[in-house]
Amino acid sequence: MTALAPDPVEEGRRPNIPSADVQLPAVANYTQVTDEILNTLKLTKAWFAGLAFSVFCLAIGGTAWMYQIYMGLGVAGYHPPVMWGVYIITFVFWVGIGHAGTLISAILYLFRAGFRTTIYRCAEAMTVFAVMTAGLFPILHLGRPWKFFWLIPYPNWRLIWPQFKSPLVWDVFAILTYLTVSATFLFIGLIPDLAVLRDRETNPVRKRIYGVLSFGWRNSDREWRHFARAYLFLAAFSTPLVLSVHSVVSFDFAMADVPGWHTTIFPPYFVAGAIFSGIGMVFTIIIPIRRWFKLKHYVTLNHLDAAAKLCLFTSLVVGCAYLTEFFIAWYSGSEVEQSYFMNRVFGQWWWAAWIMLTCNMILPMLLFSQKLRRNTTFLFTLSIFINLGMWYERFVIIVPSLSHEYEPWQWAPYAPSFVDWAILVGSFGWFSMWFLLFVKQLPVLAIAEIKEIVPPKFAHRVSRRSLDGHGETPGSVEPAEAH
Amino acid sequence: MRGIVGVFSELDSTVDAITELKKLRVGDVTVYSPTPRHELDDVLRHGPSVVRRFTLIGALVGVTFGYWIPIWVSDYWPLVVGGKPIASWVPYTIIGFEVMVLIGSLATVAGLFINARIPRITQTVGYDPRFSDGSFGIWVECRPDEQETVRRVLTEKGAEEVHGER
Amino acid sequence: MSDSATPVTEPKPGTSRRTFLKVLGAAGATTAAIGCSSETGEKLIPYLVHPDETVPGVSNYYASTCRECAVGCGVLLEVRDGRTFKVEGNPDHPLNRGALCSRGQASVQGLYNPDRYRQPMLRKNGALSPISWAQAITLLTQQLTSVQSSGKAGSALFINQHETGSFPGLLDTWLSGYGIPAHLSYAALAEGGVIAANKQSYGVAWPSLDFTAAKLVVSFGADFLETWGANVPQQLSFADARAKGADAPRVIYVGPRRSLTGMNADQWIACKPGSELAIANALADSGSVAQAAQASDVPVAKLQALAAEIAAGVPSLFLAGGSYEVALAVNGLNQKFGNVGRSVLTAKPIESFEGMSSDAELTDAIEKMRAGQVPLLLVRGANPVFTSPKSAKVAEAMAKVAFKVSFSSYPDETAELCDLVLPDSHAIESWGDAQSLPGVISLQQPGMDPVYDTRATADVLLAVAKAIPAQAGAHPTTNYREYLISRYPGGTTAFTSALIKGIGNGALSGERAKKGTAATTRSAANIEGTSGDMYLVVYPSPLLEDGSGANKPWLQEIPDPVTKVCWQTVVEMGTSAAARLAIDAGDVLKVETPSGSITAPAYIYPGLRGDTIAIAFGRGHTGYGRYAANVGVNPGDLLPVAFDAKSGSMAWTSTKVKVTKTGDFIPLVSTEGSARQHGRGIAQAIEAHELGIVPTPAEAEKEGTGEEHLPGDASHAFLPGLRAPVAQDAQGNLPSDDNKKGMYDPNHWSGMAKRRWAMTVDLARCTGCSACVTACYAENNIATVGAIHQSTATANLNGQAGANILRGREMAWIRLERYFEGGETLDDSFETRFVPMMCQQCGNAPCEPVCPVYATYHSPDGLNVQVYNRCVGTRYCSNNCPYKVRYFNWFGYGEPSRPQYAWPEKMNWQLNPDVTVRGKGVMEKCTFCVQRIRESEHRAKLEGRAVQPDEFTTSCAQACPSNAIIFGDAADPAWSVAKAIEDRRAYHVFEELNTFTAVVYLKKVNHSVAAGA
Amino acid sequence: MDRFRGAMTIRKKWAVLPGFVLLTVIAAIASAYTGAQQQQQPTVAPDTAPGALPSARATNKAPDTVIVNRGEWGYWGGSTPQGRSPEQPIAFPHPRHVQTLGMNCLYCHFAANKAMDPGLPAVNTCMGCHTVVTAQRPATDGLPARTSEGIEKLTTYWKNKQPIPWVRVHKVPDYVQFPHMRHVNAGVTCQTCHGQVQQMNRVYQYAPLNMGWCINCHIGNVNPAWKARYDCSTCHY
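Heads up: the protein sequence lines correspond to chains L, A, X and C, in order.
Counting from 1, one number per residue, gives the positions in the first sequence under my numbering.
Counting from 484, one number per residue, gives the positions in the second sequence under my numbering.
Counting from 650, one number per residue, gives the positions in the third sequence under my numbering.
Counting from 1663, one number per residue, gives the positions in the fourth sequence under my numbering.
All the pointers check out, no bait thrown in.
If we take Cβ atoms under 8 Å as the criterion, some of the chain L residues that face chain C in the derived model are:
hint, residue
1, Trp157
2, Arg158
3, Leu159
With a straight-line cut-off of 27 Å between C-alpha atoms, the simulated DSSO-like cross-links for lysine-lysine are:
hint, chain 1, residue 1, chain 2, residue 2
4, C, Lys1776, X, Lys1150
5, C, Lys1821, X, Lys692
6, C, Lys1776, C, Lys1889
7, C, Lys1889, X, Lys1403
8, C, Lys1815, X, Lys692
These are calculated hints, taken from the structure and not from any lab test.
Computed from a prediction, not measured in an experiment: that's the story for all the values here.
The C-beta atom is built at its ideal place from N, Cα and C for all residues, glycine as well.
Next comes chain L alone, as it looks inside the complex:
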């Protein structure tokens, strides 16, 4: 099968999300998997250009940050009482992006949703880099960023420790745990693939590096046995972790008494929103990758279709949360809440609120159409809108709430400054720099895991079904048509 093969369409075999039964008809054998995926690692000019552009964006953000550290936070667009702005918005945005990766790699793994296999590596890498990006922002938004280590509990000569009742300390724990666990998860999954790289590499230096990184992995039965178990437990840990992390992020808001923040709906609302935004970002990343890296027969339309359904589902959850918020504001009878929501949707911030509602609630409804779900151009465009909409969702949660609090005398507008925008651009540069480095150094698809869904060679004819099934007849690979 050539890489330019058209997207295979199998009528009647549409993926079913909780099913592991996903086939890659265009992939014949293990060697093809290895060859095609390793082929993506060849450096291209476009890649160098992209990397240079990313580093340039990062430099913009870095310069802006240095300026901000020197001058003080006043160079950002803060307008008290809007004490949190673009940085926290972007923080929540990137944490949210990260969540889809873990959802796909861990939760769908536990659910045995087969379509995850081809996109999970990309998504998990996206998670790690997104969390790395997000993790910068709480530091970056500090008035005294050089003191951020005071949030970390360690024995010190001041004899004073962090205040563990603060959601920000929870954040530190949640984000660091999340970063550690998702990076571990990514890396553990990478070990067998690193072994492949090591075995295929000819450059001795790179071979050594891959050798060290693969920890001397050799695909033995003992390794695979413990690997599978460890992988399962990591997935099992990641699942509640991913839910907890965005819940904890939502606690930053829900624990406050700010109207528009102080609501119990926030944890599920944030988790759903995070997964929604993350799937949007997965589309943004995977659609160009499958095209440019010629991986369309791995990341098939069936996979995208399944992911789009997930996207639609989370969009509906998020939309439901939006409406619930309005309902509760009305139902609570609290003048403060009502005033805030009126101001949010029809007052000062109507434009932001409607960007949010349009991009996150209305446009994704189009995914009810199967035709659109299988249209990559549409999905890519929609994903851009979702990214925008989810950034604005956080904008709408943070800025209008703070600008319209209890004290009418302190109601205020807010407008980001060029420093805010530069650092936002820098964060995209930082993220894409890591991602670009990743896609050309490490396989973007999980080689070993894809081999799991690719039929191995058999000396005797065997039905596909019995192989994909759970090996109902232990110790036997006799032709098992009898079932």
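Once you've looked at the hints, dock chains A, X and C against the given chain L.
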């Protein structure tokens, strides 16, 4: 550390060879496969992995530490914030949970490393780069007198290549 | 207080004060930026000779007199290690009884102003360049002698700021020595018409007013809480009267613009500008109500009700501002209703306004200058170039004067035109006296040696006199201090002992400039005769007054009490006019008269008639230092030279103007978010009749506290929480195990938890004057952020004065919120409520649990502490504060290398050494002046006693000219605050948030219904 | 068979690298812990017999280098200039004044018992004695007649009417309010915080002066009788 390596390209041949070797009870069989296959697991008949014990212990240590540290810190220098109890277990559940996940995960990884014997310093005997690509391999560590039997079994069962290794 | 008369004035052998001041490095936190302690190069500079009576790090207080306006309130100068860093009201002074207005408190910023002249200056080649004092005095002597010998001395002029005490007398004696006529005692924007009328009616320039004796106060444009007369004593009396609850006077304000005084009135009668006379006459039965209604454009019914209310005969008080005729008519009303001697205390006049020259006299002088007849002009403390209307062309006239001498300390517009500048020492650096009340001498003594190489003008005069043998005989004393002693009844001994309290009894002997206001007859201003579509009201800014406050960043930064605009001049326009002309706030308007035009953004203010615009006077300087220059515009550019006919006082409301929209937009530099409370109960009020018979707390207790058994009564459910150190204790939620409570256990050895610091703010007293805000800036080293040079890095708003405030970054720890109630229908019936909003020190503080590093927490004595050096700047606490009273250091306001540095050199001498200067990136807020709490605890401990009830108070409470703020320990019944919180009017802001605050507000009392009704 | 001996057949010894990294991290953490745990429970240093002291005369000439003497408090973590001993404009011999002449600390540091600041002696305080005790020292204390460099410098400062630019040794950060009088009146000796200044020919920072050190005493670990408030707003405002 001597033994025989057999390189297989077909899964069912590999399974057959393992079954035969197990039946003959020769040497110590290690199977290499580019991807985990249940067929191999089933024929190798390993017990459940002990990684789960590491996970459990790590998680318990984590949750204990995660609760203990904020409570200890709160009582170490009692300061009232927001009129709340000085050491209040409810919010500390979050710390407990996160640390549980953190230590639990790291313990899982440690369990993997310990049980899978990685990082390996000596990992090469009996290994072949093909095993990470498309071929299955059987490495039988055996006494010299058993080598002939093993070679025979592997060849019979369809090994593409059989050779000794030391 | 020191018992020494001359604590720091004598120069120490060989040591300049500046050298002494280097000891500040050792004196604690001065210009501390938060960061790691530096271990390199810090020097400890000792005194050469230690001054007596001082202990390093311990403040001495010197009683003195405020010279910021003519009134002359008594002040205490807080001096430590040779620096005066705070000016407070002198509690022993009969005039201001410990209170002090914003302008008086800001005098330290005049003292340390970075733009002061450092030494005498002489114009050479068109620019002022430094010379020595010896040269300067020689030069002045030469000029005087030559003027004298040329025979033109009779045409020479000395314009002095209006003041009382010995100096005017000395000055006139000195002038007469050269044949120069008596000086002009000039006060810009003074109430000349009222003074003249008072002299006519009562025989005194300004009677004391006793608001407590009145049940009805009617003010015809008399802004007695702002710039009309002796505002601090008037405000004290007014607040005392209003605090009487149901017995308090009902206040009615008549005028086209509802000023701060008008906002404190219960009713506003919006009359046409210039029609006050008709109303006053109608009330005095010398005109008909219908005619008055016609002339003033006020409904007849309203005036009839007013007339009826007055006629009911309750004790009343009538006040007038502006023209002579109105004041005379209103004084007639007082006489008619028997108020003289009851609420108008003519027997106890405020003498500060005696001897003031009229504006007409100044104009005459200017005309003489223009005619080239003036050979020598000397100006001290006055800035006629700025304070006269542009159409008077003072600068042009001054150019015709051969030699001009300024004694100004600041590069103001007048001084910049002079040939010789002999900078006067600041009042805090020099000796003096004042006579504000009959039989009371208020003494002024220096708090420190001069900051710069300046000299008190009186000493310069004496030095000049000494240089001329012919004059020396007339001036036997060697310096001004000796001169003062020579005039003081009782001589040196009495003088020295009087200095302790700053006041002495008796009258000054010797020369005294006694000048009646010469009532020159001028053609009266005829506002109706001018052309234009709107009336123009120009009023002195309550903070900047005649513009002399404009170089003090505190006064620029503290929002105007009415408009809440700072660092900007706005054109105030009524709501109905704005609707009619489709003008939005911030639309730039061009205001034109035949005399000139200005452009300024519009400010929509419901307290202004639809046919009137109002502009505050005080900004629009072209010089006067970095804080004043190019900030705002000067409405004086619009005014014709017009006078109040009888008194010769300048008429400030004298013209109509043409108002056009330019189409530009300038955002308003305002601290106002929403001026409406949206029903959130922040500023609560109660009707006087609802108060009924006020039960004593004991009675209320019997009936069961917490029950709303009286209309408008507070629930007082917060009282147990307020008496416990931590609100949680009151709720019984702290662990009962004492070991776990630690310091929070009232029986803990530290004893901290026995106290609960608390505060009450009586909104019935509060007038919104913002003196507390200034006091807070002064006490707590709060940075001002609005100056032009501080605006450079503020995103998108570079270089505009107040750019940081446009972004809401003002740092005032206490702010005056001004809420409008009612009046949505654009009529004049709205009510204004002021709420001083500072950190509420919540028992259940929402800000505390969100801080990740314990930078804010609840102290055992009930404070919501902010530990600046621990703060990492997450700003979460501010987000979570329902009261929004936390302020963030967006820039390095304390770092001298930054453009935002708030205390350019010498301004940093004002910093309170007890308070950390907050660094960049940390949160700061009010902590009930914790440094004062700790200081009093230290003092009590040293003296081996407990802190006594009401022993000390916070800076805001100390300064408040309304005595609206009471601070103390709510857990100890001996403190006043513990009683005050039991008041029926007590309430908590946002009580429903369960924050258990330590600040208790007492509801404002409204008197909407006429007293007789 | 040989064709299977590729690069990967070499024993990968340095796959242990991650282990080393882990060890380093553990060591760093352990080091941080032990650093913080070195909080001994020091008591007031007993007055050493004067005879045991290094002779004031013998060490009169202070070395130009900074003495690193961390006192008996041990190491208290990084950010403290403990042990710092800057060179002073006049090598003021505390031992001579305090031990030999028996002067009280409060004679010069006159405000230590009544103000936040301890007070630095004005130059005229020095000259109160040193107009009599001039630079030309006669033969006393078993030493020949000599010229005192320090008194000479002092006299020069006084004659030029210049204050002496002492270099600050003990400094708490500006955001710490340290009321000397409360400590002195509570019976905390000068030596507790400043060390045996009476024995120092050149004063060095004796105590770490960091927060943990302050708190240690405030909670009564040094002397139960000295325990004092440990609320943050006691010192920070």
